[in-house]
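Each protein sequence line maps, in turn, to chains A and B.
When the first sequence is numbered by the working numbering, its final residue is 422 and no position is left out of the sequence of numbers.
When the second sequence is numbered by the working numbering, its final residue is 422 and no position is left out of the sequence of numbers.
Be a bit skeptical, because a hint or two may be false.
Incomplete in silico selection of chain B near chain A, CB under 8 Å [unchecked claim]:
#1 Phe239
#2 Ala246
#3 Leu286
#4 Glu298
#5 Val313
#6 Arg349
#7 Leu352
#8 Val376
#9 His397
#10 Pro399
#11 Ile400
These are computed hints drawn from the structure, not numbers from a lab.
Glycine included, each C-beta is placed from N, C-alpha and C at the ideal position.
Protein chains: 2
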Amino acid sequence: MTEQVRTGSTPVIRDGILKCVPIGGYRFETGGWLPEVMMGYETWGTLNAEASNAVLLLHALTGDTHVSRGDSREDGWWDGFVGPGKTIDTDRFFVVAPNMVGGCYGSTGPASPDPDGRPWGSRFPFTAVRDSVRTEARLADFLGITRWHAVVGGSLGGARALEWAIEFPERVARCAVIAATAVASAEQVAFGQIQTQAIRLDPAFRGGDYYTEGSAPVEGLGIARRLAHITYRSEPELEIRFGHEGQGDEDPFGSSDAVRGRYQVESYLDHQAGKLVGRFDANSYIVLTEALVGHDVGRGRGGLEAALARAGSVEFFVAAVDSDRLYVPGQSERLAAALAGKPQVHYIHSPIGHDGFLTDIEQLNQVLRAGLFA
Amino acid sequence: MTEQVRTGSTPVIRDGILKCVPIGGYRFETGGWLPEVMMGYETWGTLNAEASNAVLLLHALTGDTHVSRGDSREDGWWDGFVGPGKTIDTDRFFVVAPNMVGGCYGSTGPASPDPDGRPWGSRFPFTAVRDSVRTEARLADFLGITRWHAVVGGSLGGARALEWAIEFPERVARCAVIAATAVASAEQVAFGQIQTQAIRLDPAFRGGDYYTEGSAPVEGLGIARRLAHITYRSEPELEIRFGHEGQGDEDPFGSSDAVRGRYQVESYLDHQAGKLVGRFDANSYIVLTEALVGHDVGRGRGGLEAALARAGSVEFFVAAVDSDRLYVPGQSERLAAALAGKPQVHYIHSPIGHDGFLTDIEQLNQVLRAGLFA
């Protein structure tokens with residue numbers, strides 16, 4: 049359910065319901081231009097009179113604005129972490145979760161219409177993490193928030209949070225970077241390349257202009273998701289859950305047909321792929337993956353250390369998942385060591401890998417309640 | 049260079065030169081039938097009068113028969129390990145390296161012609177690791193080898209070696225299983241699924257019958273290879289070699305075009321993909337990947353322990369690469385613990401991952417010279 053909010057109106061604030069606001073024309077970091085950008089976002093709680101209790105929550109690659117249930121009927125992806133009485137307590141804080149520009153959950157993305165009503169498709173500008181930050185800064189202006197109590201994100205959301213602290217240090221009091229890095233790793237780039245190539249290989253992709261063609265590149269997007277999902281989990285978790293078992297009464301062995309019975313792990317990945325292609329736009333997947341692999345806080349700022357020095361006034365919180373093989377803990381350690389305060393890296397202990405930042409975030413409750421959200 | 053060898057002839061034995069021999073019609077494990085199977089293989093050294101010095105070397109997924117240079121002008125993939133005076137000393141041993149049935153290096157595979165001269169393509173039978181073993185047993189018969197001094201393989205070659213010891217324990221005195229498992233892991237299955245799906249998604253695949261169509265599914269095969277190659281290396285190796293650097297003067301950042309400049313790691317994977325698609329058939333890639341993911345010595349034998357018990361007379365050598373994330377060392381440890389002799393797992397210490405079984409095999413020289421090849 050979407051409600052349009054116009055600048056100057058007095059919006060009816062409902063928790064966990066998607067809102068959209070136009071923020072005007074926008075020039076992307078690398079030169080692209082959109083004459084009108086819409087920002088989709090959800091909020092929870094109430095901004096206090098001093099506008100000092102606002103918290104910005106930033107989603108990961110395929111995440112959305114629905115962090116917490118609020119007044120909606122749908123569960124949020126950080127329900128146990130964000131809500132009334134939770135660690136990010138919506139009775140105390142005004143929580144804002146925007147959809148990243150280029151995405152497909154309310155903000156302008158490749159599926160959005162151009163001024164002539166045609167989807168942008170292949171013409172959508174190259175989008176960087178800094179474009180996420182700069183468009184969200186305009187949303188903050190609209191909401192009357194000059195400085196966030198905290199900016200919090202995991203994975204690509206963590207990259208977005210870190211860029212906020214560096215791009216607008218005067219607007220960020222505290223910053224939590226969870227299962228994320230200061231610069232995309234070679235392996236993140238490598239997996240990203242394969243994923244975008246698989247989408248582009250799908251004949252239904254049609255160079256990105258498929259919206260009016262009656263079909264979408266769901267096969268390619270499904271392959272991308274399968275690969276991504278493996279990298280979000282750990283090898284032992286897959287082994288313990290699935291081993292070499294066939295799915296139900298399917299026989300994965302002995303057929304020379306293209307379509308054979310499946311192993312359990314294949315069925316599981318099919319399910320993950322099916323869920324994603326039903327809810328996510330392939331062009332948005334490419335745009336946000338490019339933002340992810342292009343992430344480098346040092347770019348154009350004299351390198352990593354000079355970039356991080358810009359955020360010297362920000363209080364950082366860094367966390368990693370101990371079994372994460374995509375955003376390996378060493379990357380979080382390197383980030384923390386390069387920050388002015390050299391904060392300790394806090395660990396989520398989970399056997400499942402990267403996705404532990406979603407499933408086991410509550411392990412950080414105690415330290416966050418004593419720290420960023422005291 | 050290929051020379052046809054016919055049963056009953058006296059072949060001119062030249063080291064490291066591909067030979068082919070017909071082994072007759074063959075019924076595959078799961079029911080498929082080929083009226084005539086050709087086995088491609090290379091040999092080095094001379095079989096002694098007692099036929100007691102024969103060593104069988106088995107290649108991995110995209111490997112070939114050219115293990116050692118021999119009389120050819122091309123380097124072999126285990127040159128430092130196999131040759132005159134080497135650990136597998138071709139002055140002492142008669143070394144045989146067959147191409148796995150279903151492959152594309154001399155043995156009958158999907159690109160081979162049916163009796164009417166049409167490539168088998170999509171009609172090629174489902175091939176299991178046991179079909180590798182059973183066809184190679186016929187090659188051994190042809191060569192006059194009733195019992196191997198040793199059967200040696202790494203990765204899929206290690207699975208083939210292990211199946212030899214279980215299927216024909218009376219024909220295998222010693223068996224070296226390197227960077228391999230008794231049963232494919234869930235993750236190996238998962239990565240395999242993505243790779244075969246990428247090939248099938250390529251419009252040039254045409255359901256597997258592309259040989260007469262003027263193009264091959266090189267894009268899909270290239271994606272499969274990129275993914276496989278990442279799994280063959282380690283995350284730290286990629287990070288140290290490539291980091292987030294652009295390739296030469298290419299700028300990977302800032303283009304919204306489909307074709308942008310590349311990161312070094314992307315260029316590296318492009319190179320790996322390009323090399324493979326120039327030398328490997330996509331259908332063979334699928335057939336051998338299916339064999340790999342279907343690998344389970346316990347299938348139809350009452351489970352893992354009963355299967356391994358069949359090989360109780362065989363002297364085993366088990367080795368793993370310490371940084372291997374595809375054939376994780378724990379799998380080798382589990383295999384060794386389940387074998388009758390409970391052999392120690394020997395380790396190749398390498399930072400690069402699974403490929404260490406190719407690049408750093410010479411670390412096993414000392415222990416193998418004191419053991420299997422004393």
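Requested in this report: Provide an ascending list of the numbers of those earlier hints which the structure does not satisfy.
Outcome: Violated hints (numbers, rising): 4, 6, 7, 9, 10, 11; every other hint is consistent with the structure.
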